[in-house]
Amino acid sequence: MASTTQLPVPPAPSTGSITAAPVTRTKGPGRLRPNLLGGVGGWLWLAIIIVPIYYVVITSFKNQAGFFTSNPMLPATEPTLDNYKLVLENNFVRYFTNSLIVTLGTVLPALLVSFMAAYAIVRGKGRFLSLTNNLFLLGLAIPLHATIIPIYWMITRAHMYDTLLALILPSVAFAIPVSVLILSNFMRDVPNELFESMRLDGCSDWAMMWRLALPMTKPAVITVGIYNALHVWNGFLFPLILTQSPATRVLPLSLWTFQGEFSVNIPAILASVVLATLPLLVVYVVARRQLLSGLTAGFSK
Amino acid sequence: MTALGSANRGVRDAGPSGWLAFPALVFFLAFAVVPLIGVVFLSFTSWNGLGEIRLDGLSSWTTVLTDPVTGNALVVTAKIMLFSFIVQAPISLLLGVFTAGGQKYRAALAVLYFLPLLLSSAAVAIAFKALLDPNFGLGPGFNLPILAQDWLGNSDLVLFVVVFVIAWQFVPFHTLIYQGGVRQIPTSLYEAAEIDGAGRFRQFWNITLPQLKYTIITSSTLMVVGSLAYFDLIFVLTGGGPGYSTRLLPLHMYLTGFKANDMGAASALGVILVVIGLGLALILQRLGGKNRNASQLEGA
Numbered sequence: 001m002a003s004t005t006q007l008p009v010p011p012a013p014s015t016g017s018i019t020a021a022p023v024t025r026t027k028g029p030g031r032l033r034p035n036l037l038g039g040v041g042g043w044l045w046l047a048i049i050i051v052p053i054y055y056v057v058i059t060s061f062k063n064q065a066g067f068f069t070s071n072p073m074l075p076a077t078e079p080t081l082d083n084y085k086l087v088l089e090n091n092f093v094r095y096f097t098n099s100l101i102v103t104l105g106t107v108l109p110a111l112l113v114s115f116m117a118a119y120a121i122v123r124g125k126g127r128f129l130s131l132t133n134n135l136f137l138l139g140l141a142i143p144l145h146a147t148i149i150p151i152y153w154m155i156t157r158a159h160m161y162d163t164l165l166a167l168i169l170p171s172v173a174f175a176i177p178v179s180v181l182i183l184s185n186f187m188r189d190v191p192n193e194l195f196e197s198m199r200l201d202g203c204s205d206w207a208m209m210w211r212l213a214l215p216m217t218k219p220a221v222i223t224v225g226i227y228n229a230l231h232v233w234n235g236f237l238f239p240l241i242l243t244q245s246p247a248t249r250v251l252p253l254s255l256w257t258f259q260g261e262f263s264v265n266i267p268a269i270l271a272s273v274v275l276a277t278l279p280l281l282v283v284y285v286v287a288r289r290q291l292l293s294g295l296t297a298g299f300s301k
Numbered sequence: 001m002t003a004l005g006s007a008n009r010g011v012r013d014a015g016p017s018g019w020l021a022f023p024a025l026v027f028f029l030a031f032a033v034v035p036l037i038g039v040v041f042l043s044f045t046s047w048n049g050l051g052e053i054r055l056d057g058l059s060s061w062t063t064v065l066t067d068p069v070t071g072n073a074l075v076v077t078a079k080i081m082l083f084s085f086i087v088q089a090p091i092s093l094l095l096g097v098f099t100a101g102g103q104k105y106r107a108a109l110a111v112l113y114f115l116p117l118l119l120s121s122a123a124v125a126i127a128f129k130a131l132l133d134p135n136f137g138l139g140p141g142f143n144l145p146i147l148a149q150d151w152l153g154n155s156d157l158v159l160f161v162v163v164f165v166i167a168w169q170f171v172p173f174h175t176l177i178y179q180g181g182v183r184q185i186p187t188s189l190y191e192a193a194e195i196d197g198a199g200r201f202r203q204f205w206n207i208t209l210p211q212l213k214y215t216i217i218t219s220s221t222l223m224v225v226g227s228l229a230y231f232d233l234i235f236v237l238t239g240g241g242p243g244y245s246t247r248l249l250p251l252h253m254y255l256t257g258f259k260a261n262d263m264g265a266a267s268a269l270g271v272i273l274v275v276i277g278l279g280l281a282l283i284l285q286r287l288g289g290k291n292r293n294a295s296q297l298e299g300a
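Going line by line, the protein sequences match chains A and B.
Just so you know, we're using the working numbering here: the first sequence kicks off at 1 and counts up by one.
Just so you know, we're using the working numbering here: the second sequence kicks off at 1 and counts up by one.
Bear in mind the hints are in silico, worked out from the structure with no lab data behind them.
One or more hints might be untrue.
[What the hints assert, rightly or not] Derived coverage of chain A by chain B (criterion: at least 3 residues anywhere in the stretch with Cβ under 8 Å from a Cβ of chain B; other residues may be distant):
#, region
1, 99-107
2, 144-153
[Claimed, not checked] Label pairs and their computed distance ranges (CB to CB):
#, chain 1, residue 1, chain 2, residue 2, range
3, B, 282, A, 215, 35 to 41 Å
4, A, 162, B, 160, 34 to 40 Å
5, B, 144, A, 76, 47 to 53 Å
6, B, 40, A, 37, 48 to 54 Å
7, A, 281, B, 202, 38 to 44 Å
8, B, 144, A, 68, 16 to 22 Å
9, B, 197, A, 112, 32 to 38 Å
Cβ coordinates follow ideal geometry from the N, Cα and C atoms, glycine included.
Next comes chain A alone, as it looks inside the complex:
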């Protein structure tokens, strides 16, 4: 049955809200004792995380002469925005728009079809559904990127090479296994009685899916959406093999081509890194709690 091919994902013990958990935890006696070793390790890791980010940001404000002469770890003496101007003048808005189209064009359909499939797999019966589920679970174990050559062949044959649709279609397919897994794990926790009482009220399966299953699995839907969006927004391999022209270039690929074009202008290259990351940083600042608790909830279950 399904369990024989299932990846070792822990069985969900509780449906308690993840965001509420830390609050109860802090009540534990002794949990707030200072931990010297942990503290030192924690600050050390912070340094490891921050130094590269700090370096990228300060360098992006240096002019080229400043880059070659100043201390690399000190901020620019005469900060300049020229690098950002250069990046923006090099089609940045176009690449940003492409990334946005591909991300939304992938995440929304992937969510819809995965949610419907997870609902059918959890609530439905029969060989067809269990086979489908096993196929998706198998998809988790296979490094799907190994199939880029046939995908390239299919896309060129379908005359979709160098279009945004060429990026969207395989990305949707690749997002399905993990999405179905997370969504169906959550869906199994929805009490059966709720479905049965709605059934007695004469609700159809279709209506129950939207009016009961969807609201009850909202955290999982958000998790899956965020996880897929991060992957697609930052994806590099499909754009590399399936697109070519600036008209279809997405942000991660634009960093790479920019690096090729302006190889000596390191400050400008790093400004492009900052600009490409900025949209996600804004999302992170605005919706950090949602984002982190969503990811935690999805993978710690």
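Dock chain B against the given chain A, drawing on the hints supplied.
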């Protein structure tokens, strides 16, 4: 009562129609299963990526299996997989436990820890390429000659640099998984341990670690299987070099197919990649299953 119950069950048993799973299935068949079959088929052909595809028997396989670069790519892949697991797993576990603590400053640190999650692999690679430059990066920045190595040009060092950058990028994600796992451990277990006078180390060893068993399995599986997909980071960071020292299997496949225009050989490498991924997942699942049984026996 029972009669009514079973009647209800009869209605419910129909369940939603399997057609609901159909759209997902079609997508997955068309862009994952068909390519999977296609990669096996193409490995028995010769194709330069543009012209026509010709059946070519085992010649691609002969090329791939006799090419020493393939063996080297396998070794590099295994090394990167092993080293990045050894580095990432303990750091992620400890940071996960650390950030799950209630202290305010830990929550603040956690906000910053997760910043690398926002960067694309291409961005991370470009940032580190600049940072690791011996003339304009870390070394002169901190005025420490030992940091001014030719990190990416020295074939003895480059593998460890790659493992470090991979850890920098992926530890935040696994920290998040562990943080969530720790927060699901019932506080009562720690309270009981506290009453029994167990110190912090014993609490970690006897409560935290066993309770995180499934989280450890999940995170390790994602780590190991995921390391077969470290393509983009290494592609931009080193391009597989210097020489062949960081040319791991997915990168070797890409370069064989799209740079050397030998799609047949690249497909054979793709098949090898699939087999390795599947094998690893099965082994890890077996390990996880064994642990599960063992713990049940202990509990009995």
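Hints, verified against the model:
no. : hint                         : result
1   : 99-107                       : violated (count 0)
2   : 144-153                      : holds (count 10)
3   : B:282 with A:215: 35 to 41 Å : holds, 37 Å
4   : A:162 with B:160: 34 to 40 Å : holds, 38 Å
5   : B:144 with A:76: 47 to 53 Å  : violated, 22 Å
6   : B:40 with A:37: 48 to 54 Å   : holds, 51 Å
7   : A:281 with B:202: 38 to 44 Å : holds, 41 Å
8   : B:144 with A:68: 16 to 22 Å  : holds, 20 Å
9   : B:197 with A:112: 32 to 38 Å : violated, 54 Å
Of the hints listed earlier, those the structure fails to meet are numbers 1, 5 and 9, in rising order.
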